[in-house]
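S.K.: Same order as they appear, the protein sequences are chains Y and D. For the first sequence, numbering that gives the first Met the number 0 assigns the number 0 to the initial residue and increments by one for each residue that follows. For the second sequence, numbering that gives the first Met the number 0 assigns the number 0 to the initial residue and increments by one for each residue that follows.
Take these hints with a grain of salt, some might be off.
Claimed, not checked - Straight-line Cα separation of at most 25 Å, DSS-like style, residue types lysine-lysine; simulated pairs:
id: 1; chain 1: D; residue 1: K232; chain 2: D; residue 2: K161
id: 2; chain 1: Y; residue 1: K255; chain 2: Y; residue 2: K220
id: 3; chain 1: Y; residue 1: K128; chain 2: D; residue 2: K219
id: 4; chain 1: Y; residue 1: K169; chain 2: Y; residue 2: K128
id: 5; chain 1: D; residue 1: K219; chain 2: Y; residue 2: K255
id: 6; chain 1: D; residue 1: K219; chain 2: D; residue 2: K118
To be verified - Which chain Y residues stay away from chain D? Per the calculated CB distances, all over 12 Å, these:
id: 7; residue: Y127
id: 8; residue: I207
id: 9; residue: A222
I should point out that these hints are in silico values taken from the structure, not numbers from a laboratory. We treat Cβ as the ideally placed atom computed from N, Cα and C, and that holds for glycine.
Okay, here's what each chain looks like letter by letter:
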Amino acid sequence: MKSTTTKLLATLISLGLAHGINAQQDAAAEQAEIGVQQAVESSTGPQVSAGYEFQYIGRTNPFYLDESPTKEAQSRIMVHTFYGAVELNDINLSNRITRNVVGVMHQSVQYQESALSGFDYESQSVFYKGDLQPIGDWNPSIGLGYSRIEISEANLEAFDGVSPFISASKNYGDYMATIKTSYGFTDIKGGSSSDADRLNSWTTSARIDHLYGLSDRMGLKSALNLAYSYYNEGSNSGRGDVLFGAGTSLYYTINKYLRADLFADYTRRSSNGVTVDYGFNNWDAGLKLNAAYSF
Amino acid sequence: MKGAIYRKIAPFIFSVLLIGSLTASEEYCLYLRSLLKDSVDGKSPPLTTRKPNIPLHSGQVASVGAQSRLEFIGPAGEMLRIGHNSEFAPVGLNRLEFSHGSFLFFVQREGPRYSFVTKGVEILIAGYGTFLGEIMPLGGLKLIPLTGEGQIISQSQSSVEKFYPGQIHFYLPNGERPPNVEIDITLLVNSCPLITAFEDTLPSFREITKRAHLQARTIKFRSNSFVYDAVGKDRIRFLVPQPTEKKDKPGNGSKFGKWLKSKLPF
Numbered sequence: 000m001k002s003t004t005t006k007l008l009a010t011l012i013s014l015g016l017a018h019g020i021n022a023q024q025d026a027a028a029e030q031a032e033i034g035v036q037q038a039v040e041s042s043t044g045p046q047v048s049a050g051y052e053f054q055y056i057g058r059t060n061p062f063y064l065d066e067s068p069t070k071e072a073q074s075r076i077m078v079h080t081f082y083g084a085v086e087l088n089d090i091n092l093s094n095r096i097t098r099n100v101v102g103v104m105h106q107s108v109q110y111q112e113s114a115l116s117g118f119d120y121e122s123q124s125v126f127y128k129g130d131l132q133p134i135g136d137w138n139p140s141i142g143l144g145y146s147r148i149e150i151s152e153a154n155l156e157a158f159d160g161v162s163p164f165i166s167a168s169k170n171y172g173d174y175m176a177t178i179k180t181s182y183g184f185t186d187i188k189g190g191s192s193s194d195a196d197r198l199n200s201w202t203t204s205a206r207i208d209h210l211y212g213l214s215d216r217m218g219l220k221s222a223l224n225l226a227y228s229y230y231n232e233g234s235n236s237g238r239g240d241v242l243f244g245a246g247t248s249l250y251y252t253i254n255k256y257l258r259a260d261l262f263a264d265y266t267r268r269s270s271n272g273v274t275v276d277y278g279f280n281n282w283d284a285g286l287k288l289n290a291a292y293s294f
Numbered sequence: 000m001k002g003a004i005y006r007k008i009a010p011f012i013f014s015v016l017l018i019g020s021l022t023a024s025e026e027y028c029l030y031l032r033s034l035l036k037d038s039v040d041g042k043s044p045p046l047t048t049r050k051p052n053i054p055l056h057s058g059q060v061a062s063v064g065a066q067s068r069l070e071f072i073g074p075a076g077e078m079l080r081i082g083h084n085s086e087f088a089p090v091g092l093n094r095l096e097f098s099h100g101s102f103l104f105f106v107q108r109e110g111p112r113y114s115f116v117t118k119g120v121e122i123l124i125a126g127y128g129t130f131l132g133e134i135m136p137l138g139g140l141k142l143i144p145l146t147g148e149g150q151i152i153s154q155s156q157s158s159v160e161k162f163y164p165g166q167i168h169f170y171l172p173n174g175e176r177p178p179n180v181e182i183d184i185t186l187l188v189n190s191c192p193l194i195t196a197f198e199d200t201l202p203s204f205r206e207i208t209k210r211a212h213l214q215a216r217t218i219k220f221r222s223n224s225f226v227y228d229a230v231g232k233d234r235i236r237f238l239v240p241q242p243t244e245k246k247d248k249p250g251n252g253s254k255f256g257k258w259l260k261s262k263l264p265f
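Build out the structure end to end from the sequences listed, making use of the hints.
M.R.: Put into structure tokens, the structure is as follows:
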């Protein structure tokens with residue numbers, strides 16, 4: 000296919016040269032009757048993409064404490080994320096399209112205050128997401144994610160968990176609404192084995208995303224999110240958290256492969272935790288650089 | 000009969016003419032279901048006459064003027080939309096002969112097989128689906144399947160080829176077959192009056208949208224030019240957009256631009 004396109008482009012003759020500009024405009028107007036025909040090349044096999052994202056974040060409450068953190072506990076954070084995904088061939092059903100994506104991610108979080116470097120950690124995730132996409136209707140999805148966290152300095156695994164989810168999303172012009180429910184099976188390492196699953200929880204959330212294009216390359220992405228989590232295991236049994244999030248980012252597409260974002264996010268959690276108050280407020284603001292390539 | 004036809008299409012009389020041959024066969028005919036004319040002054044609404052049910056018999060010629068379009072229904076529910084500045088005639092059973100212009104054709108899986116004919120070219124669609132077609136300015140037929148499955152049999156070029164939605168097929172009067180070109184279905188659909196201008200939604204519109212959706216996710220390369228026609232085996236002509244002046248940039252002619260430029264120190 001690529002060679003065909005190359006051959007076609009090699010034989011390209013501009014009508015502007017052949018017949019003059021007026022003829023070209025007339026021809027374009029005439030052709031509009033069956034639509035504008037832009038030559039493209041599409042892939043037929045599974046689509047593989049990979050990328051790297053760098054984030055430099057100023058975070059007011061890095062450890063999500065219920066009280067205002069001391070100055071020592073505040074830090075700028077550097078996050079390096081490497082990811083890859085494979086989108087399998089779509090399955091064409093009678094009224095819908097299935098979309099199946101499998102991906103992996105490695106993330107390294109580094110606190111920029113030297114006193115906090117002991118909290119640096121790395122995490123790995125594997126996920127699957129399957130969409131059943133209708134046209135112009137709600138788009139239901141199912142998925143499964145596995146993730147683990149390791150404390151960098153001690154090479155100590157701290158946590159792993161599996162989380163299946165179902166969700167549905169729908170576009171309303173520039174807005175996208177998503178509702179989602181998931182259950183997290185968790186295993187906290189290193190403590191009492193009888194309480195290792197205390198972060199097991201149901202989480203149900205509603206989210207609205209908005210995209211506002213300022214130009215071809217630049218725009219604003221904003222989101223509002225409200226989630227409720229109910230914990231049902233161990234010392235957390237009966238705990239309920241309400242998490243509210245709002246954020247916006249100004250993105251600039253440098254080229255096909257590179258994008259830069261300036262972002263600010265606010266998160267607030269209130270909780271009815273009995274022994275500990277899990278509520279917190281946090282602001283994140285920073286810079287994000289993303290490089291992605293599709294093979 | 001001729002008088003009755005003219006009375007029914009009186010609002011379109013200057014742009015749409017059905018020139019009938021009263022001796023034509025009565026056995027096979029298409030029925031005119033919708034007439035459409037764009038707003039003349041750009042302000043008044045477009046004129047639409049629906050379901051006039053005027054039969055177009057084999058041998059009769061339908062000629063469409065500027066900014067007017069027609070929609071016909073065949074005996075098995077097949078649909079034919081004719082673009083502006085077009086002229087065609089059904090000639091015999093399931094055989095449509097075009098002298099110029101453009102069309103959209105939709106036929107169901109169990110529907111009849113149609114032939115499309117223009118000077119030096121005759122093709123048979125051995126399959127079903129939705130197809131856009133255009134008689135190219137220097138002769139020959141451009142055919143774009145949008146949905147469906149099957150083969151296109153070119154009788155003038157003695158070729159049989161499976162078609163894939165989203166690819167342009169060229170058929171030249173001299174028998175040459177330029178390579179097929181894949182095109183962006185979304186852009187085509189959004190800019191095609193034969194799909195969007197009519198009040199009735201195409202029966203296959205959902206399938207077209209699905210195809211566009213599927214293709215949009217797999218596009219890897221996008222040309223900055225637009226396919227126009229083909230004039231030889233290796234000669235496909237493209238339209239290259241002229242660069243346009245951006246008025247919102249400083250100094251490019253807008254008041255704001257001039258003001259901004261006057262304030263800048265460089």
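S.K.: Please go over all the hints and tell whether each is borne out by the structure.
M.R.: Here is how each hint holds up against the structure:
| no. | hint | in the structure |
| --- | --- | --- |
| 1 | D/K232 - D/K161 | holds, 19 Å |
| 2 | Y/K255 - Y/K220 | holds, 18 Å |
| 3 | Y/K128 - D/K219 | holds, 22 Å |
| 4 | Y/K169 - Y/K128 | holds, 16 Å |
| 5 | D/K219 - Y/K255 | holds, 11 Å |
| 6 | D/K219 - D/K118 | violated, 37 Å |
| 7 | Y127 | holds, 17 Å |
| 8 | I207 | holds, 23 Å |
| 9 | A222 | holds, 23 Å |
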